[in-house]
Amino acid sequence: MAVIARLESDTRAAARGWSDLTIRNIFILPTLAFLIVFNIFPLIYSLGYSFTDFRASVNDPVNFVGLQNYRELLNDPNIWRNFTVTAQYVIVSVGGQVIVGFGLALLLNRKIPFKGLITTLLLLPMMMSMAVVGLFWKLLYDPSWGIINYALGLGSFDWLSDPDVALYAVAITDIWMWAPFVMLLSLAGLSAVPQHLYEAAAIDRAGTWYTFTRITLPLVAPILIIAIIFRTMEAFKSFDLPFIMSGQPTTEMISIRLYKMAFQEWQTGRSSALAYIVLIVVLAITNIYVKYLNKVKER
Amino acid sequence: MLKKKWTALLAGAAMAFTVNAAAATELTIFWAEWDPANYLQELVNEYTAETGVTVTVETTPWSDFQTKAFTEFNAKGDAYDMVVGDSQWLGAGSTGGHYVDLTDFFNEHKLAEVMAPATVKYYAEYDGKYWAIPAEGDAAGWAYRKDWFEDPKEMEAFKAKYGYDLGVPEDYKQLRDIAEFFYRPDDKKYGIAIYTDNSYDAMAMGIESAVFSYGGDLGDYSTYKVDGIINSPENIAAVEMYKELYGFTPPNWGKVFFQEDNQAITENLAAMSMNFFAFFPALDNPALNPNAANTGYFANPKGPSGAQHAALGGQGISIVSYSQNKEEAMKFLEWFIRDDVQQKWADLGGYTCSQAVLKSEAFRNATPYNEAFYQSMFMVKDFWAVPEYAELLTAMNNRLYPYVVGGEGTAKEALDGLAADWNATFKKYGRM
Amino acid sequence: MAAVTSPARRVTNRIAIVAVLIITLIFLAPIYWIASTAFKPRALATSVPPTVLFQPEVTPFVKLFTKRVQLRKPVEPEVYDAAPWWEKAIYDGGERVLRVGDSVQLSPYPDRFLNSLIVAVTSTFLAVAMGTLTAYGFSRFRIAGENDLLFFILSTRMLPPVVVAIPMFLMYRVVGMTDTHLGLIILYTAFNLSFSVWLMKGFMDEIPKEYEEAALVDGYTRMQAFFKIVLPEATTGIAATAVFSFIIAWNEYAFALIMTNRRAQTAPPFIPAQVGSGLTDWTVIAAGTFLFLLPVAIFTFALRGHLLRGVTFGAIRK
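Protein chains in written order, with this note's numbering: chain A, 1 to 299; chain B, 1 to 432; chain C, 1 to 318.
Check the hints yourself; a few may be wrong.
Derived BS3-like pairs (lysine-lysine); straight-line CA-CA distance at most 25 Å [said to hold, decoys possible]: (1) B:K146 / B:K129; (2) B:K173 / B:K381; (3) B:K110 / B:K381; (4) B:K161 / B:K121; (5) B:K359 / C:K73; (6) C:K73 / B:K344; (7) B:K110 / B:K428; (8) C:K73 / B:K146; (9) B:K243 / B:K161.
Covered by chain A, according to a simulated footprint, are these stretches of chain B (three or more residues, beta-carbon under 8 Å) [what the hints assert, rightly or not]: (10) 89–98; (11) 156–166; (12) 411–421.
Since the hints were derived computationally from the structure, they do not count as laboratory data.
For glycine and all other residues, C-beta sits at the position ideal for the given N, C-alpha and C.
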């Protein structure tokens, strides 16, 4: 690799034991090689298939079809709906997690008895398997014997069968699971805000709102953005929860569509093409995020 | 301390590389999670006692049965020696090279005569050859609350409202009336429970039952013509009926399959409930169903023209061509088709396809639902069995689900769209 | 914060404490519900109104570990009387335990659980170990195109599992690696590696270079300095990374669903599969879930000090 050749070796330590160059290569190259072999190579492999009508389920000869898969996918309104649903879900779910998680962190960021215990207990939801959580929330949401409607007195309010509600119902479950993650990161950010800033604000008799928007928020912003990045990525990938909880077209996210196309209908070539479309979207989003993050960090 | 932990972890890693050694005298049968799979496990335990060959029935839920089986087939994996696969899979299983050709075996043992005709046609045959041994017969049927139906007050009120006696519905119109009659959301009582799960074939099977009884068909299975057949007036009426029935279901009934439909009976939610017969044992079990004594069963009712059919369930058992134990599996099948074993299979609760056993009085009276099952098995029809059936199924789910559950558009639009989708699929695979 | 104790402040503090307690209870309610369902008689799992107080029983766990079949006729009294307590409980539920000869047939749950342990522990170890080394490399040595490489590493983590699963499935089937532990370990390691590199890089940047430089001057080799000086300093980061990686590998569902079957299947796709045969048996699912939560909960609680501190600096400095 080109990287190796351009290293300026540190000769001081090189005299004893391995040279820095060797160590660096031993430390880094296996990881890079591993990721290339198991992430990049497969993608190149499937790039080829995305231009064919290959089906892994039959032994038919594979035909080159050019851009047909891409053209048909991009013209398929269902695929666009899958993307829209995904975007909607990301906004609702991540938005909810930030509000609940950050809110909790603000509440917890003071002297509270058993704070450590409470914080750890709140992390329990995110230690669970999403597949199982989804299954159980179906039980909780059940209008006939679920505890949610019973506790809230909602009668037989329909959470998962109503196409207009299902997405929010799934998002609520996701918020329950992952708001604690946002809380954890926010707590870390809040505890790093220098105390003397608040004291100064108190002396100036600054209002709570002023203190919050002018001191707390800007200082916590970078870490909050990291939390949002992580959660957006995860929400975009969402598969387990909506897959197990709801079969509504209004909750069919792009991962689910892709799964069905690849492993139920066995349209291997076409699903490879869709995977590439998803890949490009994901890389674009990531790029925007990382640029934004770098900007915030520079401030 | 840290070192110790690391050694332990490395030991774990090393273990991971060595656990795949398989013993020779073990057979694995793959099936879905339901009572018949447990009955089969009980049956094959006798084979183990006889021969010393361990046979394990592995199960997975219906919702991912197809996916799990075909990922394994398409990976050419040898995890399963045999699979009790759905009838729709025959095309994909045979043309994909996943199933062992059992034609010689079939003819040698004259299975075409031994097994019931519908089961041979749908569970075993594809393209003139046999790929499976009919193992578990099944069809869609209905359970109902006898105590609700026989309550004099209800009977009187029903007669007053609809002008005829409340009883087991003769046709879909009566089915609808009864569902409407018992639909009382304020009392948490509902009319009917039907399949709506769109993750595999549940909803399709429910709709199919209505379509077939309405005299409709899904298409011409020999010429692949679908336009004018899948969107025929009969089918439109049948799908409209299915949607109407959905209106009388309990709340949150938008993604349900057999568990929920059985629960509708056990939890006093619905007067009638659709299910495949093989799911009914739970309803006949007083420990699971407090209403077991008050639960009756009937075959899928007639349509407006008097035609009467039911969607086919059930499966045949095939040998997976990637298995390392094909010969052992053959020996097992020889055992499985023995008359005494088929009788034992029926005694344990399996729905044997053996004509002799099926027709016996003992079998028809063995459970409260066996008689309805027996009748149904002579009027069953099935879904497409072409290799691309999964795409056809997805299209059907995508087109009809939003109409039935979401209330979008009309039945005609949905079925016209489905005809177009299916046409396109068949064109793509050069079938027309 | 201790300095500020105006009366108004104290009132807000009390309100906040009450709010925190209420929210915590709401968050824990579903988990309590799962845990309590694991000890409920089957009929109470879906009772209306919901049952909160009941006589706990371990029948769901007995069911979880055994293969059973529905009774088709009542069991003979003498057989029932001769049965051990746990088998009586199964009979009471309208079921019978399957046997081969005299031995009770076990359900696949213990196997799946063991698979989860093998796959999650090994892949977590690999991801954290490789991630730590790589993070150190990126933190201490000059590397051309460092930012691009780091972005590349991060981007491998953003792909939905299904996107990766398609080509991996095609490759695995060529080399016969579907349904193997190794196959799953590789996938999870790749999945967690990028995360681990990023998290560990934050920690490595935090550890002052001067520490190692002093050691180098004292005659340590770079490797000795890394193992004796840097690694101990990075314990918190390693622990936090390990917790996160383990949680992810332990609970992963999509790859396991697609790539594994009888031999290497882990528990997450298996537990929802235990829906029971004619009717959903929530108590068994709850029992399986409850047992499955224990290892990860214990692991997290054991390392919670590191986790809270670890997130603090790892995340801030990234």
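Hints breached by this structure: 1, 4, 7, 11 and 12
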